[in-house]
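Colleague: Here the protein sequences come in this chain order: G and U.
Each residue of the first sequence is one higher than the one before, starting from -3 at the first, in the numbering used here.
Each residue of the second sequence is one higher than the one before, starting from 46 at the first, in the numbering used here.
In short, the hints are calculated from the structure, not lab data.
What you are looking at is a predicted structure, and each value in this text was computed from that prediction instead of being measured.
Just so you know, even glycine gets a beta-carbon here, dropped at the ideal spot from N, CA and C.
Do not rely on the hints blindly, as some may be mistaken.
Using C-beta positions, here's what the derived DEER-type ranges look like [claimed, not checked]: (1) U:Asp313 <-> G:Asp191: 20 to 28 Å; (2) G:Gly171 <-> U:Asn136: 30 to 38 Å; (3) U:Lys48 <-> G:Lys182: 55 to 63 Å; (4) G:Phe172 <-> U:Lys289: 42 to 50 Å; (5) U:Asp313 <-> G:Asn50: 30 to 38 Å; (6) G:Asn50 <-> U:Asp458: 18 to 26 Å; (7) G:Thr152 <-> U:Pro99: 54 to 62 Å; (8) G:Gly91 <-> U:Glu148: 14 to 22 Å.
Here are the computed lysine to aspartate or glutamate pairs in the EDC-like style, where the Cα-Cα straight-line distance is at most 16 Å [said to hold, decoys possible]: (9) G:Lys29 <-> U:Asp458; (10) G:Lys182 <-> U:Asp68; (11) U:Lys90 <-> G:Asp159; (12) G:Lys72 <-> U:Glu64; (13) G:Lys165 <-> U:Asp121; (14) U:Lys48 <-> U:Asp313; (15) G:Lys29 <-> U:Asp121; (16) U:Lys406 <-> U:Glu356.
Spelled out, the chains give:
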Amino acid sequence: MAYDKFNILKTTAVPLPIENVDTDQIIPARFLKATERKGFGDNLFRDWRYNPDNSPKEDFVLNNPTFSGKILVGGKNFGSGSSREHAAWAVYDYGFRCVVSSFFADIFKNNCLNIGVLPVQVSAPFLEKIFEAIYADPKAELVVNLPEQTITLTTTGESESFDINHYKKDNMLNGFDDIDYLLNIKENIREFAEDTPL
Amino acid sequence: MKKTLFDKVWDSHVVHKIENGPDVLFIDRHMVHEVTSPVAFLGIKSRGIPVMYPGRTFATADHNTPTINQHLPVKDPLSANQLKALEENSNAHGISYWGLGHEKNGIVHVVGPEYGITQPGATIVCGDSHTSTHGAFGAIAFGIGTSEVEMVLATQCIMQQKAKSMRINVNGKLSKGVTPKDVALYIISKLTTSGATGYFVEYAGDVFRNMTMEGRMTVCNLSIEMGARGGMIAPDEKTFEYIKGREFTPVGADWDKAMEYWNTLKTDEGATFDKEITFDAADIEPMITYGTNPGMGIGISNGIPTAESVEGGVATYKKSLQYMAFNEGDNMIGKPIDFVFLGSCTNGRIEDFRAFASIVKGRKKADNVTAWLVPGSHKVESAIKEEGILDILHEAGFELREPGCSACLAMNDDKVPAGKYAVSTSNRNFEGRQGPGSRTLLASPLVAAAAAVTGKVTDPRELMHEELV
């Protein structure tokens, strides 16, 4: 599915300094029953965000107007658990274009890259600095520069570079998805399949 | 060059390599279920492209199906709609569909092996992280996202970078009451839930060699819980014996040809892994989890560790214990429980029901316990009846439900209420996994059975009948 191109993102960020945030927290299984990709942002972090009577939990960061922005900053091992792409959809649909953490679970990271959310892995000390900067000044902006592969704290000017493979980077910059690529080499695939018995 | 088992299977499926990018990997077999596929089908529809190889995709309904009264219409309109979408999509594209009520219906990772869809040396994917289960047969099997489901439907390929390799050896003899589930929970407790992220794991050593195919599936199933892309075990005589004669297994000359390939599927002597870890079987006891991720497990006779003694953030650890309403230092033995769940793609096979029955035989379900016993498939259900296990369960006061994922992720009505404790043979103890506010203790079928008859966390070794040791 097509998504908006990603180039340079300059925005405030939302801190979630919890480790091992799993995909069941990002979007609980009972909200996976849609047959279309619509409305998942409403249920992002559903059970951390709302009480059972659907009133907002005031101590949860998404309900705190002090924090906002297009970047979600999470603790180590973000996105562990299920392969549900709905987790990445919920992050995107809520309005985040980038998730920053010191470590990502594998499938979640792949899913993000496939739908236009940029996962930025930083060192543990830099992650701490980001949290500190946001708590010190919730208006502190981060700059995620995909062409340069850097993330910068505007308040201090501190910067770190991040990894992304060239192919995925190119996709993100242009809003391409993998199917476009695969359809282009369909003949190679067909030849390969002929030699591969079922 | 010396190759690992993983190298051999991966490299032989690469259609195209992109420099400093992913490999285009050919997928032999693709399994789909109702939850992660509808948007993928919509995707190919909107692109106006067909399913390239419908014969390589297999559909079954499992995630949000009810586990009672499956002959009646599904009550929840959203679930019913998803099931209908899967049926319509399968029919529209010529994909075999084993829906609710079909004799071959069951959990995707249970029916795949049962019908021989799962084979050594194959690449197998599904929009479900526990696809790693199929690695028990020496296949490369892993979970994918919905965008990738669409890729497989459209082109029979996905694009991924090859994972790093890790070998986990467990040598020696397992002690009384220690099951494959305990071996896996032990490994995860040592590696943590992110310890194998970025790796594909090969399990090796006496313990896995001596394990049944069901046990190997349980171990490979849980690979994802330590972050691994997948796990695999080299196929051997036990593997070939298991798959021979199943519906989708090759026969005659095709079988002989396949065997030639399958016999090459082992890591070469001298091949190196990016990481290698060895454990001693004697160190493993029956396990139970006390926290909100599968890495938070301990030997059942131990106390809950202190925040300072575990790796990772103290705040996250304390939040987890607070959710569970447990304290550092608490003993797990004797903690009262409310629910028991036997089932799931982790422990919903016949061997798991045999183990459960071995403990509850001649005993009675505790009055304070609600038990959900959910076979992984109709085939498992039939075996439970044929082997007389159902009679043992009935005599002990248990009922058997119909197949499905059930309370593992509580997408249907099988939900553990807020604040209640469930000893579950499934794979995840995340907050709210088994229903909003539910508290899950992951364990083996033996530990689940011991809890079911005593109403509290109990060491199963104390209840094991001598002849079953």
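Colleague: What are the numbers of the hints that this structure violates, sorted from low to high?
Modeller: Per hint list: 3, 5, 8, 11, 12, 13, 16 violated.
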